[in-house]
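Same order as they appear, the protein sequences are chains A and B.
Letter by letter, the first sequence follows residues 1 to 295 of the UniProt record's numbering.
Letter by letter, the second sequence follows residues 1 to 279 of the UniProt record's numbering.
FYI, nobody ran anything at the bench for these hints, they're computed from the structure.
The beta carbon of each residue, even a glycine, is placed where N, CA and C say it ideally should be.
Errors might be hidden in some of the hints.
Unchecked claim - Incomplete in silico selection of chain A near chain B, CB under 8 Å:
id	residue
1	Tyr24
2	Leu26
3	Leu110
4	Val116
5	Ser242
Unchecked claim - Capping the alpha-carbon separation at 20 Å, the derived lysine to any residue pairs in SDA-like fashion look like this:
id	chain 1	residue 1	chain 2	residue 2
6	A	Lys256	A	Ser244
7	A	Lys36	A	Leu20
8	B	Lys127	A	Ser48
9	B	Lys104	A	Phe284
10	A	Lys36	A	Phe284
11	A	Lys98	B	Val7
12	A	Lys256	B	Leu135
13	B	Lys104	A	Leu12
14	A	Lys243	B	Ala237
15	A	Lys243	B	Ala235
16	A	Lys36	A	Arg260
17	A	Lys36	A	Ala60
18	A	Lys36	A	Leu12
19	A	Lys256	A	Tyr55
20	A	Lys36	A	Leu10
21	B	Lys127	A	Lys98
22	B	Lys127	A	Val27
23	A	Lys45	A	Gln262
24	B	Lys127	A	Leu12
25	B	Lys127	A	Gly23
26	A	Lys98	B	Thr9
27	A	Lys256	B	Gln234
28	A	Lys98	B	Leu10
29	B	Lys127	A	Ser244
30	A	Lys36	A	Asp61
31	A	Lys98	B	Gln265
32	B	Lys127	A	Tyr24
33	B	Lys104	A	Val56
34	A	Lys243	B	Gly231
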Amino acid sequence: MKRTFTPQVLLLPAILILLLGMGYPLVWQVVTSLQKFGIQQQFGKPASFVGVDNYVTLFADAELWGVVARSLLFCVVTATVTLVIGMLLALLMTVVTKTARLILQVALLLAWAMPVVAAMTVWIWLFDRRRGVVNYLLDLVPGVDMNRFNWLETPTTFFIVAGIIVLWMSVPFVAFSAYAGLTQVSDEVLEAAQIDGATPWQRLREIILPMIRPVIMIVFLLQLIWDLRVFTQITMLQDAGSKSGAFDLLGTYIYKLGTRAQDFGMASAVSILVLAITIALSWFYVRSLLREEEA
Amino acid sequence: MRRSTVVRTLWSALAVVIALGWVFPVYWMVNSSLLPTSRLESFIPTFIPFGGSLDNFTAALADGDFYSALGMSVAITLITVFFCLVFAFFAAVAISRFRFRGRKSFIVAVLLVQMLPAEGLFIAQYKMMSSVGLLNSVGGVSIIYIAAVVPFTIWMLRGFVTGIPVDLEEAAMVDGLSRTQAFLRITFPLLAPGLIASGVYAFLQAWNEFTVALVLLPAEASQTLPLWLRGFVQASATRATDWGQVMAASTLVAVPVIIFFLIVQGRLTSGLVSGAVKG
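Bound conformation, chain B alone (with noise of 0.2 Å):
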């Protein structure tokens, strides 16, 4: 009995050695964003902000392009996140409330084209929306997101709806009610932990996406927060780089991600192992 106890406690000690190592980047990040450029110019890093200010991020915000690429982010977000939900939740729906022709090639095509990487695709998207003037436009870059993104949201949501038994439905509508009475009635709202986990899914996926924000808003003034994180970054690389500026516009960006994550990640892990693992 002695013995394991020593064991684990070692093991946990490794653990907890390895959280701080793994968090240290984060810390790093709001460290410097803390720190004037003065001290971080020192040859010796200092390790915690005693004295530390907020002149960075005042600094950061004052670049008058933050405000508009956070209303782009915020719009595009928006947009794809609502559309997203309501699109794939019909198509969960259909692919797991009905059996019917084409339901199999539907689920193959779902699968392959959440493979499909914008790396692969970005230029005739680019041609795409040039050709229909929709270059630098809310509206080109959410067509692409929610094509990005519903496939892996119809299939996280599937799992939630295989998940609720058909049985519940069918005990309704033996009281009374139509199928889509029972649905709406009986099952919508023990799905929403799916709705919510994939909305999630899809907020974190339209608020970071860097790839074809940069290929389909090439002017400045409609750039995403990530775009204009790294135009921010290029601008502060001119001069000797103000990395204390810089880790304060990262900070602005991560650490609202990263709260709003914390919040709602058991969500989002059960709902990927759920999309994941039923059938």
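For reference, chain A alone in the conformation it holds in the complex (with noise of 0.2 Å):
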């Protein structure tokens, strides 16, 4: 008799933390996008429901979409360029020898273990308008003009230096994953291939990524899944750089609208929204793994 409860128990204490710190912050946040903030609440005066009001507003508003749309464009080229240079080190790991891969596995993990926020320090230093070494390096170019260039002025730059910031700290989980997956494909069968007669790209293509492929999709879904949340490093490049709202990602432009207008209400459908996306992302890769747990 007792067996038969013993998993729940179990269970218990984990589902209680859950919904005590995801699961009622949740609801709270369905709830909250449906009403109204204004002045009046700042001083206490209970919200009004106002139903989808906040979502009509929010799909009526020009700045929101080009929030949306620069994310989803940051989250998906920012994704794309780490699986794919993550995949090529991987790569480049399998063919050097033993003392060039560790000295390589080394570097990528020190970028890897550094911490968001002072790894964010070093990269705005990095890319200083005046003393940074990347205006020295890139002025020492024949013909290359950079001195007190300041990447963090327009948007486009903005986000190349976020983008480049991102990459160097997500390669190092790619190129790890995807070397752990092609350490499991076995050494007979591109041997085999070999002797028949397959070019290297043939073996890359045929053999190689067919079998790693279900780490590459998850690694990609959970790149874009991080990709899409970025606001640490959007956060301090805004410090060092403008914080115009030009310059926002959804991270960031979520937590303007709660902190800075207290616009609760507004702040809470935008985060239903990212809630939205990101489990539209995720339900391909929660299905994708239920289908193996059912093999």
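Put the two chains together into one complex; each comes in its own frame, and the hints tell you how they fit.
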């Protein structure tokens, strides 16, 4: 008798903390996204329900669409480039000497281990307008004049810098995961293919990539989700550059709505939008994992 | 044979060059932290810190808030790691050793919850903590951190528990141990690597977390190390940025984590992989 309810008891602490830390805020967020917050609410008047008004306002808001489009573009481009570079580095690891592989792996680990706030301060220093080493090195190239070039001044260069930093920090995870996947590909199969006359490119496309496909899929989806919600990087770059709306992604946009404007209703509506995008993305991941579970 | 050796050497050289490029920002942080501001202000960068000193570190450590931030970070991290491990351990055992109604829903919930971005929930978490008076407290942040980290640690530990054959326990039960005894004596010790890997994961998450801390710890007196570092940069930027000190402060925050990470990374990566690939 006792055995039948044991697993539920074991799950209880985890369920309770999840309900408290994530579940309740999620419900609150949904409810609040249907409410109107204004000046009066800052003085304690309860917010009134306005139905889907906030969403209607949002969807009519060009600024929000700008932020959504920018966030999606940023996340897709950064995640894709991260995946490609990570895969290439993983492939590189399979063809180099043991020493070279170790050197590369240690370098990647160092970048991976950097706390994001510390990494951001270093990168901002590297891209510093006047004394930054990036401008100094680019300046050494004949015909290039980058001295005092302010990378954080225009949105395009701002997000290029943000992308480079995110890339630097996330490639190691992809490279290690892909390399772990590659080491699972059996040497015998590859040798057999080579004897049968398969070119390296054919071996990559026909054998290696299909075999590590599950790893690639998971890693790519994780990157998409993580890159959709870059907050620390953008906030700290804004500290060093401009805080104007043109430099916002979804995370900083919500933060500004919630903390500065105290417009919890609108902030919640945008949050729900982010959650919806995230869940839509992760749904594929969850489904594919569950399918493996069944098998 | 000879040609393949040449090719391998070329690829190896490329790998080393990439490695040097990749590690450069970390090197640059340490390098700059050792140099006086006067030398960092030069238009020609100093690439090797000859004649460097630890003065920047002394200055950064003299910032009164460093020690309180360190204390906050240590307290929050310890609480998060401890409760995450206990809760995740129970849950992982439940879903990998028992078949019961709602098991699958729980797994789906865990998977989905770990995808929820802090950036989508912080407004609600702020209101929640402020209404119960837990803003600027270790407890408030810890609750959110545990909830945020526990799904992934469950997932990771589940891989490890599943990896230990039930046969071992069953054999012990045939020998007269109860199910619980068999689990504790046979399986639990084999789980040590999994617990370490998950604990390290929780540690890194809690120690480095910025967003939730920023929202739930608005008071200067209660900031964690990442918040302290950001504040330090901002304070320094009101003068002409004192890059030497800022880099020393970054190094102070980063180097302990990096060292710790390098020691345990093998276990961490195998844990990440086993959580992801074991059915």
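Here's how the hints hold up against the structure:
1. At a threshold of 8 Å, the smallest CB-CB gap from Tyr24/A to chain B is about 6 Å, leaving the interface hint in force.
2. Satisfaction of the interface hint for Leu26/A is found here, the shortest Cβ-Cβ separation to chain B being roughly 7 Å, below the 8 Å cut-off.
3. The closest approach between the C-beta of Leu110/A and any C-beta of chain B is roughly 5 Å, which is under the 8 Å cut-off, so the hint is satisfied.
4. Checking Val116/A against chain B by beta carbon gives a least distance of about 6 Å; that is within 8 Å, so the hint holds.
5. With its C-beta approaching chain B no nearer than about 14 Å, Ser242/A sits outside the 8 Å limit, and its interface hint is violated.
6. For the hint pairing Lys256/A with Ser244/A, the CA-to-CA distance comes to about 11 Å; that is within 20 Å, so the pair holds.
7. For the given pair, Lys36/A sits about 25 Å from Leu20/A by alpha-carbon distance, which is inconsistent with the 20 Å threshold.
8. Taken as a hint, the Lys127/B and Ser48/A pair is honoured in the structure, with Cα atoms around 17 Å apart against an allowance of 20 Å.
9. For a cut-off of 20 Å, the pair hint linking Lys104/B to Phe284/A stands: about 16 Å separates their Cα positions.
10. At most 20 Å may separate the alpha-carbon atoms for a hinted pair to count; Lys36/A and Phe284/A exceed this at roughly 34 Å.
11. Proximity of Lys98/A to Val7/B is assessed by CA-CA distance (about 14 Å); at most 20 Å being required, the pair is judged to hold.
12. Under the criterion of a C-alpha separation no larger than 20 Å, the hint pairing Lys256/A with Leu135/B is consistent with the structure, at around 19 Å.
13. For the proposed pair Lys104/B and Leu12/A, the alpha carbon gap of about 15 Å is at most 20 Å, so the pair holds.
14. With a C-alpha separation of about 15 Å, the suggested pairing of Lys243/A with Ala237/B holds against the 20 Å cut-off.
15. For the suggested pair Lys243/A and Ala235/B, the alpha carbons sit about 17 Å apart, so the restraint of at most 20 Å is met.
16. Restraint check for Lys36/A and Arg260/A: the C-alpha separation of about 16 Å stays at or below 20 Å, so the hint holds.
17. A distance of roughly 17 Å separates the Cα atoms of Lys36/A and Ala60/A; the hinted pair therefore holds under the 20 Å criterion.
18. Restraint check for Lys36/A and Leu12/A: the C-alpha separation of about 36 Å exceeds 20 Å, so the hint is violated.
19. For the suggested pair Lys256/A and Tyr55/A, the alpha carbons sit about 18 Å apart, so the restraint of at most 20 Å is met.
20. This hinted pair does not check out: Lys36/A and Leu10/A have alpha carbons roughly 41 Å apart, beyond 20 Å.
21. Distance restraint check for Lys127/B and Lys98/A: the Cα-Cα separation of roughly 53 Å exceeds the 20 Å cut-off, and the hinted pair is therefore not satisfied.
22. As the CA atoms of Lys127/B and Val27/A are separated by approximately 12 Å, the hinted pair is consistent with the 20 Å bound.
23. A distance of roughly 13 Å separates the Cα atoms of Lys45/A and Gln262/A; the hinted pair therefore holds under the 20 Å criterion.
24. In summary, the hint linking Lys127/B to Leu12/A is not supported, as the alpha carbons are separated by about 25 Å, beyond the 20 Å threshold.
25. A hinted pair counts as satisfied when its Cα atoms are at most 20 Å apart, and Lys127/B with Gly23/A qualifies at roughly 14 Å.
26. Restraint check for Lys98/A and Thr9/B: the C-alpha separation of about 11 Å stays at or below 20 Å, so the hint holds.
27. Our distance criterion of 20 Å between C-alpha atoms is met by Lys256/A and Gln234/B, whose separation comes to about 18 Å.
28. Between the alpha carbons of Lys98/A and Leu10/B the distance comes to roughly 14 Å, so the proposed pair stays at or under 20 Å and holds.
29. For the hint linking Lys127/B to Ser244/A, the alpha-carbon distance of about 26 Å lies beyond 20 Å, and the restraint is violated.
30. Restraint check: the Cα-Cα separation between Lys36/A and Asp61/A comes to about 16 Å, which is no more than 20 Å; the hinted pair holds.
31. Taking the CA atoms of Lys98/A and Gln265/B, the gap is about 18 Å. The hint holds against a cut of 20 Å.
32. In summary, the hint linking Lys127/B to Tyr24/A is supported, as the alpha carbons are separated by about 11 Å, within the 20 Å threshold.
33. Note on Lys104/B and Val56/A: the hinted pairing is violated, with a Cα-Cα distance of about 36 Å set against a maximum of 20 Å.
34. Under the criterion of a C-alpha separation no larger than 20 Å, the hint pairing Lys243/A with Gly231/B is consistent with the structure, at around 16 Å.
Comparing the model with each earlier hint shows violations of hints 5, 7, 10, 18, 20, 21, 24, 29, 33; every other hint is respected.
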